[in-house]
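S.K.: Protein sequence lines, in the order shown, are assigned to chains A and B.
Under our numbering, the residues of the first sequence are numbered 150 to 466, in order.
Under our numbering, the residues of the second sequence are numbered 150 to 466, in order.
Rather than coming from a laboratory, the hints here were simulated on the basis of the structure.
A few of these clues could be false.
It does not matter which identical chain is used: a pair holds within one copy or between any two.
[Unchecked claim] Cut-off 30 Å, straight-line C-alpha distance, at most; resulting in silico cross-link-like pairs (DSBU-like, lysine-lysine):
{"#": "1", "residue 1": "K214", "residue 2": "K259"}
{"#": "2", "residue 1": "K387", "residue 2": "K197"}
{"#": "3", "residue 1": "K214", "residue 2": "K382"}
{"#": "4", "residue 1": "K382", "residue 2": "K259"}
{"#": "5", "residue 1": "K197", "residue 2": "K214"}
{"#": "6", "residue 1": "K355", "residue 2": "K214"}
{"#": "7", "residue 1": "K259", "residue 2": "K355"}
{"#": "8", "residue 1": "K387", "residue 2": "K259"}
{"#": "9", "residue 1": "K197", "residue 2": "K259"}
Being a predicted model, the structure only gives us computed values, none of them experimental.
2 protein chains.
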Amino acid sequence: MDRTGVASVLARRVRVSDPREAGFLIRSGAQGIYGAGDRLSRLIACLKSALAQSGDQDQSSEPDKEVFNFPPVMARADLERIGYFRNFPHLLGLVSCFCGDEHTHRRLSKIHDEGGDWTEAHQPSDLVLTPAACYPVYPALAARGPVPPEGYTAQVCSFCFRHEPSPQPTRLRSFEMLEFVRIGSPEQVLAFRQDWLSRGRDIFEKLQLPFEAAPANDPFFGRAAAIMQRGQKEQELKTEFLVPINEGEEPTACMSVNVHRDHFATALDIRHGNGGAVHSACAGFGLARIAFALLRWHGASMLDWPASTRAFLGDCG
Amino acid sequence: MDRTGVASVLARRVRVSDPREAGFLIRSGAQGIYGAGDRLSRLIACLKSALAQSGDQDQSSEPDKEVFNFPPVMARADLERIGYFRNFPHLLGLVSCFCGDEHTHRRLSKIHDEGGDWTEAHQPSDLVLTPAACYPVYPALAARGPVPPEGYTAQVCSFCFRHEPSPQPTRLRSFEMLEFVRIGSPEQVLAFRQDWLSRGRDIFEKLQLPFEAAPANDPFFGRAAAIMQRGQKEQELKTEFLVPINEGEEPTACMSVNVHRDHFATALDIRHGNGGAVHSACAGFGLARIAFALLRWHGASMLDWPASTRAFLGDCG
Numbered sequence: 150m151d152r153t154g155v156a157s158v159l160a161r162r163v164r165v166s167d168p169r170e171a172g173f174l175i176r177s178g179a180q181g182i183y184g185a186g187d188r189l190s191r192l193i194a195c196l197k198s199a200l201a202q203s204g205d206q207d208q209s210s211e212p213d214k215e216v217f218n219f220p221p222v223m224a225r226a227d228l229e230r231i232g233y234f235r236n237f238p239h240l241l242g243l244v245s246c247f248c249g250d251e252h253t254h255r256r257l258s259k260i261h262d263e264g265g266d267w268t269e270a271h272q273p274s275d276l277v278l279t280p281a282a283c284y285p286v287y288p289a290l291a292a293r294g295p296v297p298p299e300g301y302t303a304q305v306c307s308f309c310f311r312h313e314p315s316p317q318p319t320r321l322r323s324f325e326m327l328e329f330v331r332i333g334s335p336e337q338v339l340a341f342r343q344d345w346l347s348r349g350r351d352i353f354e355k356l357q358l359p360f361e362a363a364p365a366n367d368p369f370f371g372r373a374a375a376i377m378q379r380g381q382k383e384q385e386l387k388t389e390f391l392v393p394i395n396e397g398e399e400p401t402a403c404m405s406v407n408v409h410r411d412h413f414a415t416a417l418d419i420r421h422g423n424g425g426a427v428h429s430a431c432a433g434f435g436l437a438r439i440a441f442a443l444l445r446w447h448g449a450s451m452l453d454w455p456a457s458t459r460a461f462l463g464d465c466g
Numbered sequence: 150m151d152r153t154g155v156a157s158v159l160a161r162r163v164r165v166s167d168p169r170e171a172g173f174l175i176r177s178g179a180q181g182i183y184g185a186g187d188r189l190s191r192l193i194a195c196l197k198s199a200l201a202q203s204g205d206q207d208q209s210s211e212p213d214k215e216v217f218n219f220p221p222v223m224a225r226a227d228l229e230r231i232g233y234f235r236n237f238p239h240l241l242g243l244v245s246c247f248c249g250d251e252h253t254h255r256r257l258s259k260i261h262d263e264g265g266d267w268t269e270a271h272q273p274s275d276l277v278l279t280p281a282a283c284y285p286v287y288p289a290l291a292a293r294g295p296v297p298p299e300g301y302t303a304q305v306c307s308f309c310f311r312h313e314p315s316p317q318p319t320r321l322r323s324f325e326m327l328e329f330v331r332i333g334s335p336e337q338v339l340a341f342r343q344d345w346l347s348r349g350r351d352i353f354e355k356l357q358l359p360f361e362a363a364p365a366n367d368p369f370f371g372r373a374a375a376i377m378q379r380g381q382k383e384q385e386l387k388t389e390f391l392v393p394i395n396e397g398e399e400p401t402a403c404m405s406v407n408v409h410r411d412h413f414a415t416a417l418d419i420r421h422g423n424g425g426a427v428h429s430a431c432a433g434f435g436l437a438r439i440a441f442a443l444l445r446w447h448g449a450s451m452l453d454w455p456a457s458t459r460a461f462l463g464d465c466g
């Protein structure tokens, strides 16, 4: 949509610049953690279903997608094999559990009731909070043995966690992510990437949201970050679809298309039946962010949204 | 349903005694953590929608229910006020995050890559995994100020976490729970309890699942457990709807109706506008457990399920 189109949308609608004030988000006692009210929940469900349908479009070169929904936690051992702690230690959430006996519990309960630190007997468990919806898919498919000639195509959804407290609801710590994943030969994976770059444009155009697709990088930790980020950008491994949401701030990534090359396959020992290289890629959608973009650009009353947006979303109740 | 009815169902259908073997559940690298395949995801979505509709039934004595969906984590400070650690330390999951600098990260990355314990710089954060779907609702409603005369009725759904590893898929560590919550006068709360005891019977009868409604208790920790559990049973504070799922084992709680008296109101300083006592109660459903019960009793082919079951569930695709 060109800027003139955007301006005419703005003239017509009352935008929702803060979904907390409009009752779409329910505040909690922790930064970046919100409940969703009924209307936001319905909008997100609707988006999920519409995006899943765009993942169904005829792709004669791809096998039928398999659908997975994972819980918000995954095996720590799998994340260790993937090597997440090496690059993103600052974003990771470990699940810790109480390992004490009754005596310890009595002592710590007293400290708890006096407002002190009662967590000393908690130890890291075998679980972590899932950092990206696609992460549990790779170990699950690796367990099947060699990759078949047509590769795998999957759709996966889960709550994801990233420890980056922020006052902006566009940066939640716990949020629902829908992803499409391709595992196969380098050629199959590149075709998937091209396909989703084109589908992404189509989706944001239909939603009538102003957007830009731009080369991007992941938020690596520490001094090595600059090198990693430059490499990622130069090799065009990550493209973000950015939509302006927060007034006067940088636009927000609402979708990204990522090529992992052989990262996951090597880490998880996923091999091709034909002995060739196994690559992977994913296309991920931040459901709440797209919902906030829709509320920001088209207003709170879904019945008044542009016809093309409503047609894409189907019946949002 | 009487036992004769059950026997005739059994004669007709191939039961799914293990949803892992039948591909409904996707194994992960951690005990009690499973992904859901497409058919199980659809069944759970269907159940959620059907149960939400039974929560809509005309209740002239209740205010319209408010609908919330919360992420799988909540503010630790809220759980501390509720006092969960006092009674259920063994079930709690704390979220721990990395608090080290670059130097620490380099050192721990080396340990990580050598297969050692790389978690020493992780400290408990301000978040915990939500142990029951209704927990985030009380602080959210407490923030509104005094309870209005009609009280509150809410529907809430989230992934919940309980650290009780088990080989049985009927005891997941991370699972979706749908709850209905009532906050109001003791009389309003008791009416809600009676109402949901009756709705529960109606739901399991319509689903054509064999069930028993029985007084129950929560799994308190330690030596005080026996006393707490006896008190809970004697005062009829908890009723479980139990369905046989695992062959040769005790039946599984698929729904529970719980009266909290003034526990949450006192802990979170929720006051009534009229100065009277504030009580609360909830009716909770374990969505995956009910799905497993349906697969166990009616088989994998939903088209062959009893007409009353299908009518209750509506269109499951």
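S.K.: Against each hint, give a clear statement of whether it holds in the structure.
M.R.: Structure-based check of all given hints:
no. : hint        : result
1   : K214 x K259 : neither (53 Å within a copy, 38 Å between copies)
2   : K387 x K197 : within (22 Å within a copy, 36 Å between copies)
3   : K214 x K382 : within (29 Å within a copy, 49 Å between copies)
4   : K382 x K259 : between (53 Å within a copy, 27 Å between copies)
5   : K197 x K214 : both (15 Å within a copy, 24 Å between copies)
6   : K355 x K214 : within (23 Å within a copy, 34 Å between copies)
7   : K259 x K355 : neither (58 Å within a copy, 48 Å between copies)
8   : K387 x K259 : between (50 Å within a copy, 27 Å between copies)
9   : K197 x K259 : neither (46 Å within a copy, 40 Å between copies)
In terms of the numbered hints stated before, the structure departs from hints 1, 7, 9, listed from lowest to highest.
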